[in-house]
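2 protein chains.
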Amino acid sequence: MKTKTYRDILKWGDKREQKIDDATLKVIKEKFSISDQDLASKHLFGDTEVKLEKTTSLSEEQINDLKKIAGSENIFTDDFSRANFSYGKYYSELLLLRKEKIPNPPDAVISPKSHNDVVKLVNYCNKNKIPIVPVGGQSSVTRGLETPKGGVSLDMTKHLNQVIEVNSVNMTAKVQAGMFGPAFEEHINKLGYSCGHFPQSFEFSTVGGWVAARGAGQASTGYGKIDQMIVALKVVTPAGVIENKDYPSNAEAWDTFPLFVGSEGTLGVITEVTMKIKHLRPENTRYASFVFKTFESAVNAMREIMQSEFGKPHLFRISDPDETDIAFKTKGFDEKFSNKVLKALGYTSGERCLMFVSVEGDAAYAKFVKKKIKKTAKKNKGFYIGGSPTKNWLKQRYSSAYMREPLMDLGIMTDTIETAVTWDNLINLWKSVRTYVYKRQKVVLMSHISHVYENGANLYFTFLSPMEIGNEEDDYKQFHKGLVYAIHNNKGSLSHHHGIGRVLAPWMKDAVSEEVLNAMQAVKNHFDPNGIMNPGGMLGLK
Amino acid sequence: MKTKTYRDILKWGDKREQKIDDATLKVIKEKFSISDQDLASKHLFGDTEVKLEKTTSLSEEQINDLKKIAGSENIFTDDFSRANFSYGKYYSELLLLRKEKIPNPPDAVISPKSHNDVVKLVNYCNKNKIPIVPVGGQSSVTRGLETPKGGVSLDMTKHLNQVIEVNSVNMTAKVQAGMFGPAFEEHINKLGYSCGHFPQSFEFSTVGGWVAARGAGQASTGYGKIDQMIVALKVVTPAGVIENKDYPSNAEAWDTFPLFVGSEGTLGVITEVTMKIKHLRPENTRYASFVFKTFESAVNAMREIMQSEFGKPHLFRISDPDETDIAFKTKGFDEKFSNKVLKALGYTSGERCLMFVSVEGDAAYAKFVKKKIKKTAKKNKGFYIGGSPTKNWLKQRYSSAYMREPLMDLGIMTDTIETAVTWDNLINLWKSVRTYVYKRQKVVLMSHISHVYENGANLYFTFLSPMEIGNEEDDYKQFHKGLVYAIHNNKGSLSHHHGIGRVLAPWMKDAVSEEVLNAMQAVKNHFDPNGIMNPGGMLGLK
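Protein chains in written order, with the numbering used here: chain A, 218 to 759; chain B, 218 to 759.
Derived from the structure by calculation, the hints contain no laboratory data. Keep in mind that a hint or two might mislead.
Same chains, same label: a pair holds when it works inside one copy or across any pair of copies.
With a cut-off of at most 30 Å between alpha-carbon atoms, the simulated DSSO-like pairs for lysine-lysine come out as follows [to be verified]: (1) 598 / 608; (2) 344 / 759; (3) 596 / 407; (4) 407 / 529; (5) 612 / 219; (6) 462 / 648; (7) 529 / 592; (8) 366 / 259; (9) 462 / 726; (10) 584 / 595; (11) 337 / 726; (12) 648 / 391; (13) 648 / 698; (14) 391 / 708; (15) 726 / 391.
If we strip away everything but chain A, and leave its shape as in the complex, we get:
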């Protein structure tokens, strides 16, 4: 049997080893003065066998009790399994894995066979004060899956991964929480439907995880965030099972099910999700791409499009000048049309911005809305460059997550941070983050807007910078802290769709106010009086 290493855990998705493409590598080598010699060494490679210092703290009796509930074949207490459920995919977590540090693994990993198993497990753990962390695709980038108090990680993906019902009259699908995106999409595709929710983690995230982390897909501008896509949830909490009806709307006082959208495992275990579904009609989708002269003019066009009430695009995205330049250099956009023409027309590198658009749904609607968008873009001096750049971007949509390993192998820190902000604060926030980041020497910052609303949008920042070798963790932490303040001080939310987890928890009180945090704590205390649900530093809760 092959040795199971830390690297096996830290790798993304299906664990393929990917290479940085030549164009990107060239940019990185230039920006960070990396020599060919440097390329040969692999920084903190993590290819040693996983060994945990901490043994399980569950008693033999407890393990036997848990086996009785879930079946002995569904409980794992070996080192690799526990290590494998110790972290999500946050940059610091990947660093720790590379440094072979797993101080707080779960005591066991359990794969419940059914909703009823989950009920029994939650009851048992609540009685015995054993922490529970519900786990979907492990793609959390907020330290949402760590187990500082040990306990049980619930692997929802092994058995709870089926479509329960597709209702073609209501156009809804009831799905078990542990179903991965592609399996769900494939299932309903065969029936002529699509889920419409495609986050970057789509391939390796679950329906339950989408809800718990309050995610957003690439087409959220048209379809809404997961918040708007679900009509009902079933959740197992220590205070009982919460299940709402699939009414299209209601006024039965205030809704309780939004409490669980973004609850990040702290209130209960989501076992079933009922989602709206759409007709599968990819042939109807229209694509458009534009170059704008400045970020400001691109943002103005975007805002005008969102506030004009002529229908909305589904995918809607602007890259800022830095991201645009790197896209031109690395993604081959400059090969698709004449860079010289663009320059001659005043679309200059360092200022110009790419906009990507798709419009889905009914064929005539997609055509109509695309036409309106083209008109509005033109008014704001957006230069139409056809549908291909958007289509090409979509093709490589899920691949960039694989770049983290080869980049970190090169000693390059790489992470993202994101926020939601109203239009009137957007440019200021973007500028402030840029100013902050560029104080660091040798850094690449790429910013984009990718989820758009009538009253504002998100801002998403991707940064790369050489690690401070030997001081990787602390260097990152300090840099990241400044980033959060740059966002928070400029009226951005702590997150638009990544969530809070343990990473942003320290800012929660400042962000939402003490009164709001107290209310969240009261809700927590009701559903989880013994504090067993994803405990220890989550969401700013006690």
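Fit chain B to the supplied structure of chain A, relying on the hints for placement.
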């Protein structure tokens, strides 16, 4: 000075005395065998002077303390003021006023001058365990404003009725909660905007009331319910002020502000609401009206339109065959086009259904969506009858609420009940309610759908029937109870947009489950540990 009577309180809106129009009167006379002699008498007219048995239970010291906070000119303890704040506009409440029964008036009516006044009042009342009921336009039809435990009714409309800020970049408006619909709309109309929220109570309801009762406007199919129209709230609770940011979206864990949407005054006093606003472009709106052969075919067309993703109508409404027949008879639709032609084409009375549509927003969009709707209607054998019937319906949109007084004067019980239901249960629910109602002799039932979603719609029932003279209250109560069960047993929600109040509270546990009600109670206990906020039978809470 004119004597102030019970009738002055029970009358709708601006207290005009309205007459039933001749066409409607003719229908009623026929259906209920009412003679001209009967028309002369006025049943339970309520035109005697208001006198309360119960004196205020606030001590002189307490009244002085309250005067110090809000100003002595803003506190009222006279009989008429207290009586005037004893009820909303629910049918049973109107009956009680006609019977001159006000067993539980508030101890005082206070009109706070500012948000800070509200903070001080809530703190004072919390400390002294004095109940508070926040009051907007008093149009509640769910017994949401009664004061079974006395206390203070907060009249939010006198001073807290201003627009605080219109943000034309974000297209949002921050409004004080006590502002009436027309004043708000007029204010933003001048700046080129519209609020898009037009419930039937629009003229006599407030922005804060819309949120607290979780209302829906006539254009909700396009713009959403109030839930979807607000971006931020400021609420004074005994546990502090809760104020969320106006982010377009966020993932700062789960949202707390939806707790107050539908809270019906039980958690705190909403003082400020930030709403999305739209461009004011009435000239762009397109109207369409159709007749369908059956209710089923109209519903099928409606569902297809909502699920086709070609854009949505704003006003979207079907009347069932009975409502359609009465509309033909009373609203003059049969004068607008040839009834004979319709009959010859197979659109027969007793089966045919009217559909009303408007599409707002961008001019080309409105034109485009109307065309698509016409096409879908035609496919489902909908017969296009032009825009005028919809426009005419809109003209009399707010007037029917004035019909309750002259109808009740005639001894006619008249009320409405409404629900939300998924498409797959809609026809069953509609049939079951009809079967139940028509078991009563001498009854008119009119049903319509007026708020439509991808996965379902509301159903709204209006019924008229002669009162059981001498046993008016109990007769109504028994009849109403059966109605609620007919809805609940057929998978309808307890309410789509009227709310729960004290009327539907007894069904809450059955409707939402004990676990959900426990969670609601826990939230209540946090925000309002002394139970001062709108206490006594509200929302099924203790």
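Structure-based check of all given hints:
In this assembly of identical chains, residue 598 and residue 608 lie within 30 Å of each other by CA distance solely inside one copy; the values are 22 Å within and 40 Å between copies. Taking CA atoms no more than 30 Å apart as the test, residue 344 paired with residue 759 passes in both settings, with 20 Å inside one copy and 27 Å between copies. For a Cα distance limit of 30 Å, the shortest separation of residue 596 from residue 407 across copies, 26 Å, qualifies, whereas the shortest one inside one copy, 42 Å, does not. Taking the shortest Cα distances, residue 407 and residue 529 sit within 30 Å of each other both inside one copy (27 Å) and across copies (27 Å).
For the homomeric pair residue 612 and residue 219, neither the shortest alpha-carbon distance inside one copy (33 Å) nor that between copies (77 Å) is at most 30 Å. Taking the shortest alpha-carbon separations for residue 462 and residue 648, only the inter-copy value of 21 Å comes in at or below 30 Å, while the best intra-copy value is 45 Å. In this assembly of identical chains, the alpha carbons of residue 529 and residue 592 lie at most 30 Å apart whether taken from the same copy (14 Å) or from different copies (22 Å). For the identical chains of this complex, residue 366 and residue 259 are neighbours neither inside a copy (33 Å) nor across copies (73 Å), given an alpha-carbon limit of 30 Å.
Taking the shortest alpha-carbon separations for residue 462 and residue 726, only the inter-copy value of 13 Å comes in at or below 30 Å, while the best intra-copy value is 33 Å. When the C-alpha separation of residue 584 and residue 595 is checked against a cutoff of 30 Å, the pair qualifies both within a copy, at 17 Å, and between copies, at 22 Å. Taking the closest pair of Cα atoms, residue 337 and residue 726 come within 30 Å of each other only across two copies (24 Å); inside a single copy the shortest separation is 34 Å, beyond that limit. Proximity of residue 648 and residue 391 under a CA criterion of 30 Å is satisfied inter-copy only: 27 Å between copies versus 43 Å inside one chain copy.
In the homo-oligomer, the alpha carbons of residue 648 and residue 698 lie at most 30 Å apart inside one protomer (17 Å), although the nearest pairing across protomers, at 61 Å, exceeds that limit. With identical chains, the CA atoms of residue 391 and residue 708 are at most 30 Å apart between copies only, with a shortest distance of 17 Å across copies and 37 Å within one. Taking CA atoms no more than 30 Å apart as the test, residue 726 paired with residue 391 passes between copies only; the shortest distance there is 24 Å, against 35 Å inside one copy.
Taken one by one, the earlier hints fail for this structure at numbers 5, 8, listed in ascending order.
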